[in-house]
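Whenever a hint applies, use it, and build me the whole structure from the sequences.
In order, the protein sequences belong to chains A and B.
Using this note's numbering, you'd call the opening residue of the first sequence number 787 and step up by one each time.
Using this note's numbering, you'd call the opening residue of the second sequence number 131 and step up by one each time.
Worth flagging that the hints you see were computed from the coordinates, not collected in a lab.
Beta carbons are placed, not taken as given, at the ideal position from N, Cα and C, and that holds for glycine.
Take these hints with a grain of salt, some might be off.
Label-pair restraints from in silico Cβ distances [what the hints assert, rightly or not]:
| no. | chain 1 | residue 1 | chain 2 | residue 2 | range |
| --- | --- | --- | --- | --- | --- |
| 1 | A | N999 | B | E362 | 37 to 43 angstroms |
| 2 | B | I312 | A | N1004 | 34 to 40 angstroms |
| 3 | B | S187 | A | A815 | 50 to 56 angstroms |
| 4 | B | E344 | A | G1011 | 31 to 37 angstroms |
| 5 | B | L354 | A | G871 | 52 to 58 angstroms |
| 6 | A | S971 | B | D211 | 30 to 36 angstroms |
When the alpha-carbon atoms are kept at most 25 angstroms apart in a straight line, the in silico BS3-like pairs for lysine-lysine are as follows [said to hold, decoys possible]:
| no. | chain 1 | residue 1 | chain 2 | residue 2 |
| --- | --- | --- | --- | --- |
| 7 | A | K812 | A | K800 |
| 8 | B | K372 | A | K800 |
| 9 | A | K801 | A | K842 |
| 10 | A | K1063 | B | K353 |
| 11 | A | K1063 | A | K812 |
| 12 | A | K1063 | B | K324 |
| 13 | A | K842 | A | K800 |
| 14 | A | K1103 | B | K372 |
| 15 | A | K1100 | B | K353 |
| 16 | A | K812 | A | K903 |
| 17 | B | K372 | B | K181 |
| 18 | A | K1078 | B | K146 |
Chain residues, written in single-letter form:
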Amino acid sequence: MVLVFAEATNGKFKKAAHEVVTYGAKTAAALGSDCVALTLGNVEDAGDLGRFGATKVYNVSAPELAGFDSGVFTAAIAGAAQQLGAKVIVLSHNSTGKNLTGRLAARLDAGSAPGVKAVPVVDGGKFTVRKAVFSGKAFADVEILTDTKVVSLVGNSIPVEESGSAVGVESLTVELPAPKVKVLSTKRAEGTTPLPEAELVVSGGRGLKGPENWGVINDLADALGATTACSRPVADSDWRPHHEHVGQTGVAIHPNLYIAAGISGAIQHLAGVNSSKTIVVINKDPEAPFFKAADYGVVGDLFEVLPRLTEAVKKFKSA
Amino acid sequence: MKMLVCVSKTPETTTKIQLTADKTDLDKGGVQYIMNPYDEWYALVRALELKEAGGGSVTILNVGPADNDSVIRKGLAIGADDAIRVNSEGGGSLYIAKQIAAQAEGYDIVFFGKETIDYNGSEVGAMVAELLGVAYVGEASHLEMNGNVATITRDIEGGVEVVEVSTPLAISAAKGMAEQRIPNMRGIMMAKRKPLNVVEPVDAPSTTEVASYELPPAKSAVKLIDPENMDELVRLLHEEAKVI
Chain A
787 MVLVFAEATN GKFKKAAHEV VTYGAKTAAA LGSDCVALTL GNVEDAGDLG RFGATKVYNV
847 SAPELAGFDS GVFTAAIAGA AQQLGAKVIV LSHNSTGKNL TGRLAARLDA GSAPGVKAVP
907 VVDGGKFTVR KAVFSGKAFA DVEILTDTKV VSLVGNSIPV EESGSAVGVE SLTVELPAPK
967 VKVLSTKRAE GTTPLPEAEL VVSGGRGLKG PENWGVINDL ADALGATTAC SRPVADSDWR
1027 PHHEHVGQTG VAIHPNLYIA AGISGAIQHL AGVNSSKTIV VINKDPEAPF FKAADYGVVG
1087 DLFEVLPRLT EAVKKFKSA
Chain B
131 MKMLVCVSKT PETTTKIQLT ADKTDLDKGG VQYIMNPYDE WYALVRALEL KEAGGGSVTI
191 LNVGPADNDS VIRKGLAIGA DDAIRVNSEG GGSLYIAKQI AAQAEGYDIV FFGKETIDYN
251 GSEVGAMVAE LLGVAYVGEA SHLEMNGNVA TITRDIEGGV EVVEVSTPLA ISAAKGMAEQ
311 RIPNMRGIMM AKRKPLNVVE PVDAPSTTEV ASYELPPAKS AVKLIDPENM DELVRLLHEE
371 AKVI
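Set out below in structure tokens:
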């Protein structure tokens, strides 16, 4: 059995939850097994995960799960997996998943593959799954050697697929330890999609010349419904907040479309963005190394090109 | 406060990755190695700052062969008091975590970087926390201590969460926790005399194995668009790339 931990934020599922259930259903199909989903705490309409291939949804609710403590969440997921006899556990490779994957693997003495990008290949008892390594500069096909396996899926790696309809939800009781971590506050930016989950990203570099010029980036992002990002020198100069820094030492992103304006494309920047499906580079220097990694390039002054692109996007959207 | 900082040796950030002919390993010819940046810039430096402010000790731990001593000596040059190297060629994340856990009893805080820039797993710190039965806070961008109580800011999607936790604990450090320090000549000279204890590994099986590596497909040549004609770019993004 494949057990998928479907995370809810404020009681609601986001796209990442639908992706991991889709992934779990495909993994179960490859193994000739079933996929069930696990939710923790109060979740609205948990049975809806059946649409993405879960044959049943389980829920563990307890006061200990009110705030995020990786030890308590690990006990809940591992306890559910043991009760249900699940051999493969699937999580999202997001901030929650990164706090849990290793703990689960250690608790279950299981092999793990964190940050996978594709459904496992199951061949004569071998279970091999692909992940990006060297910050996206290569892929590794990792064979998990243990009977119990833990994998975490990078967001936006596989398309969400509907393959069923809503299913029943059953409560499970799992013994949980007292939390060691006390959550004091949780702050999330409202309205925009966070960078690690974004499908469309518009990013600016030193070519913008100063924080006062960011309007051309914001206007294009607004027209596209995209999330804004920046290069490291921009964040280091405090032109933009650090959580917008994409690259090897910042956020690694994997959107469908990455538009980079005024970024030359140092190898450390490319490492964080080269999982983007389509890359557009706008730079006045035709020798900028980023053009070698781009699908589409525009050689020109970004202060002229970006407003023109914004208008073209608006025209396209209203057509 | 007794602090342990776990460090990895990774290829330098500008390394162009090449594979061996049978694709089962990285072609190590010409590759320069460094201390994993998250371990060095954020985890180690924050541990040293806490020691400077409140006393205690900072020990560096590495699991690896004797080649790794140069990276460990750099950590000592930056200011760690002593170091432990578990003499091993490695064997996957859970193997490494078990080696660390075998050395990590009795520390108030065990530090990690948020990920290594080679395998990008972000899992060894969480594994060690589970093996030790202590709290774990991953991707932490701020850490303040008040006695034995830590106030930690951790990065979450599109925001931050602030948590409070008592020692002992394990933490993985992200950007924001500290600023890189360059070792000075005195530090480098002193590092040569600081203790570096080599211990033998404990028995633990490998739970994973890399069957093969592959490089991403080469990008086809960039398609240049007339800067006057952004309608054409929008058309291509819609019809050809199908991303809008």
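Evaluation of the provided hints:
1. A/N999 with B/E362: 37 to 43 angstroms: violated, 25 angstroms
2. B/I312 with A/N1004: 34 to 40 angstroms: Given a distance of about 36 angstroms, which is inside 34 to 40 angstroms, the answer is holds.
3. B/S187 with A/A815: 50 to 56 angstroms: holds, 53 angstroms
4. B/E344 with A/G1011: 31 to 37 angstroms: holds, 33 angstroms
5. B/L354 with A/G871: 52 to 58 angstroms: holds, 57 angstroms
6. A/S971 with B/D211: 30 to 36 angstroms: For A/S971 and B/D211 the Cβ distance comes to about 35 angstroms; the hint holds.
7. A/K812 with A/K800: holds, 19 angstroms
8. B/K372 with A/K800: At roughly 23 angstroms apart (the allowed maximum being 25 angstroms), A/K800 and B/K372 satisfy the hint.
9. A/K801 with A/K842: Judged against 25 angstroms, a Cα distance of about 19 angstroms means the pair holds.
10. A/K1063 with B/K353: Judged against 25 angstroms, a Cα distance of about 15 angstroms means the pair holds.
11. A/K1063 with A/K812: holds, 22 angstroms
12. A/K1063 with B/K324: violated, 49 angstroms
13. A/K842 with A/K800: holds, 19 angstroms
14. A/K1103 with B/K372: holds, 14 angstroms
15. A/K1100 with B/K353: This hinted pair holds, its Cα atoms lying about 23 angstroms apart.
16. A/K812 with A/K903: Judged against 25 angstroms, a Cα distance of about 13 angstroms means the pair holds.
17. B/K372 with B/K181: violated, 54 angstroms
18. A/K1078 with B/K146: The given pair, whose Cα atoms are some 14 angstroms apart, holds under the 25 angstroms limit.
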